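K.L.:
Note that the protein sequences, when read in sequence, are chains A and B.
Per our numbering, the first sequence starts with residue -18, numbered consecutively.
Per our numbering, the second sequence starts with residue -18, numbered consecutively.
These are calculated hints, taken from the structure and not from any lab test.
Predicted model, so just to flag it, every value in this text is computed and none were measured.
In this list, chains with the same sequence are indistinguishable; a pair is considered to hold if it fits within one copy or across any two.
Simulated pairs of lysine to aspartate or glutamate, EDC-like, Cα-Cα distance not exceeding 20 Å:
hint, residue 1, residue 2
1, K204, D190
2, K116, E0
3, K21, D190
4, K262, D190
Protein chains: 2
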Amino acid sequence: MPTNEQLLSIFENHLAQLEPPVEPERLYAPLVYSMSGGGKRLRPMLLLLACGAYSDDIRPALPAATAVEVFHNFTLLHDDIMDNASVRRGKPTVCAKWGSNVAILSGDAMLICAYRMLRRSPEELLPRILDIFNKMAAEVCEGQQYDMDFESRTRVSVVDYMRMIELKTSVLLAGSASIGALIGGASDDDCRKLSRFAGELGLAFQLQDDLLDSFGTEKELGKRIGGDILEGKQTYLMVTAMSRADESVRDILRHTHRDTSLTDDEKIARIKAVYEQLDVKRLTEQQISVRFERALGILDTLDIPRERTIHLREFASSLIGRRK
Amino acid sequence: MPTNEQLLSIFENHLAQLEPPVEPERLYAPLVYSMSGGGKRLRPMLLLLACGAYSDDIRPALPAATAVEVFHNFTLLHDDIMDNASVRRGKPTVCAKWGSNVAILSGDAMLICAYRMLRRSPEELLPRILDIFNKMAAEVCEGQQYDMDFESRTRVSVVDYMRMIELKTSVLLAGSASIGALIGGASDDDCRKLSRFAGELGLAFQLQDDLLDSFGTEKELGKRIGGDILEGKQTYLMVTAMSRADESVRDILRHTHRDTSLTDDEKIARIKAVYEQLDVKRLTEQQISVRFERALGILDTLDIPRERTIHLREFASSLIGRRK
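Same shape as in the complex, but just chain A:
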């Protein structure tokens, strides 16, 4: 079985060999641009690793792995229009570079392209793969809509927040693992378990992302610390703090990012102080640990020898191990 590094390189080679149409240029150039932006390729890696746990031949899973990555990049492309974002992975976003009309339409073409890739999966599995993919795709849109809805809500509960990130992030990882296991030949039961594994891992990963934004280093985060705080974004830290604060502290949490008498650094310091004071940092770390351990625990229950799960374990640790 290939190492995780080799697997990533197999996937990147596969991607590089795909030749999307050239014309019309303004439709397909953004697609190529967006796919070449790198990123961690988490979803295809999970899909291929889940397949590899059951089969030594991961090639039948490469089209579906491409499909989930194309789908993920499609969501980023459209999210960037809605968020009016100008930079992604250190490069101009498609909407900043080509304008939002091109970004809307080339995003649509990407979503269709994801389905074209998926179609190349083993034919006898196609109906079930489509069921998983369609459900997951709809749920990711639901998650994005809840995320936008939260912007205009003054209060978001921890439960609502967890449900939103489950839809927006976990569901796609869970679906990827499930499709990979299916193609690898796993039983329905093991497909469900790997889906739950990836779902828990996805939650841990998203919570870690929230944590790093306030308490990580720029190197770990890959961008400036405190962005979420300055935007007044709902994060696990913010909704947990709100649930534990009294009314006066809630006012601080709600209004600091708009306080024009403070510098950015002062705003970040003030909110972080509240997080520390309310024990939010430790609670978040605990929640990440719980989800991570639960994910690993699920791997113990699969109907395959433990050594076949080693690469999945390594992958999980490489994701959540960032602060360990």
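We have chain A already, so just place chain B on it with the hints.
P.N.:
Same frame as chain A, now just chain B:
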């Protein structure tokens, strides 16, 4: 076999029974709103009629008929954002009513919904149905991109224009007919023929739309006459006129819609006079006739008794007969 009127009502009943999710409300309400806008249901009708030509049971084709109609409404929803359109079929567009972010995301959800519907087609045909649908969906996006590209081009050839409307309009009608025939049990050869039939019909229909905008009545067109002229849009009439005009008349064609010394009625009258003078009206009518007759001629070559094509013929005549 049901009459075309009955068939439309079977389809509308099927649509009405679908229950899309309720939450999140801002994701799914625009979907329901957009699907309830009426319209002529051309694509599902063609799909069901093509199926009905081969099989007395059209029920297996209802999900695919829904899929092409949902897909069509998805394209309108996103096109309206790109065109900044505020009214569609006499009602506010989704982007005017909910804003463009909601329109982008609910459009995405609609495209995914189209694939969910398609998935309910007979399983043994699913791979081939997906092939037709995916190709057609990608081509519709290509057509829309060419249409947007034309806005910034000073000269569009008749050939380029025909290719654009083929992609933007015909391809979806052709794919619908082809999927319907496939589900009905037609041979590959007949599927291809019905695809060409619908493609030619689609071109005739689009050219007729272009013609009515200048030379129809408000009643036929369903909106004010001359809209394309006032927008300076590329239409079959405009690109044909440009190809036949000398340099001085081309200047009139290019600049009249921006001439602030003229009223709207004067602009429309001036361009229509040029069209008459260059014989563009007659040439367009001729082109519509040629396409329409070609479409009907293809029906003669199908491997079924002529009486099974009667409803398709009626449908075609009801579309193109508007001025006859």
